[in-house]
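J.: Sequence:
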Amino acid sequence: MKASVPVRLEIPAIDVDTAIMPLGLRDDGTLEVPPVRGDAPAGWYRHSPTPGEVGASVLAGHVDSARDGPAVFYRLRELKVGDAVAVRRTDRSVARFRVTRVAVYPKHDFPSGDVYTHLDRPGLRLITCGGTFDRGEGSYRSNVVVFADPVT
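Under UniProt numbering, the first residue of the sequence shown carries the number 1, and numbering increases by one thereafter.
Just so you know, not all the hints are guaranteed correct.
Between beta-carbon pairs, the in silico distance windows are [what the hints assert, rightly or not]:
(1) Gly69 to Glu137: 15 to 21 Å
(2) Glu78 to Asp149: 25 to 31 Å
(3) Gly138 to Val104: 32 to 38 Å
(4) Asp28 to Ser93: 31 to 37 Å
(5) Arg67 to Ala13: 24 to 30 Å
(6) Arg141 to Asp17: 17 to 23 Å
These are computed hints drawn from the structure, not numbers from a lab. Beta carbons: idealized from backbone N, C-alpha and C, even for Gly.
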């Protein structure tokens, strides 16, 4: 598929149907995140390929917020191999994927090489926080990463 900005994410297995906003990088070089609200959309890392293009496209979203409770990717860890993911794009096309792996990684051992890797085919990465919440740090100690390949 040619480049086309993603506008909507649908994951029926976990009842996700949300808008997508663009994300960049923070000053420290880490991925920006959507606003910390229960109703915040997922975000697409705009320096990654658009979903459906060749390469690893990265979408991120919150698991929850202290104020609002569950957020867009609250149930991301429940996905199973074979679950469907659809990304609607501005050109009205739909990039369709199937989950191939769901994993939890400690933040200090985040698999950047696997997430941001250069692929010779389209790929999708969905990222949220997970694991134990560290009250002292005010954040989760791990990340849930979902890997998905295109439906052919």
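J.: Which hints from the list above does the structure break, by number from lowest to highest?
T.: 2, 3, 6
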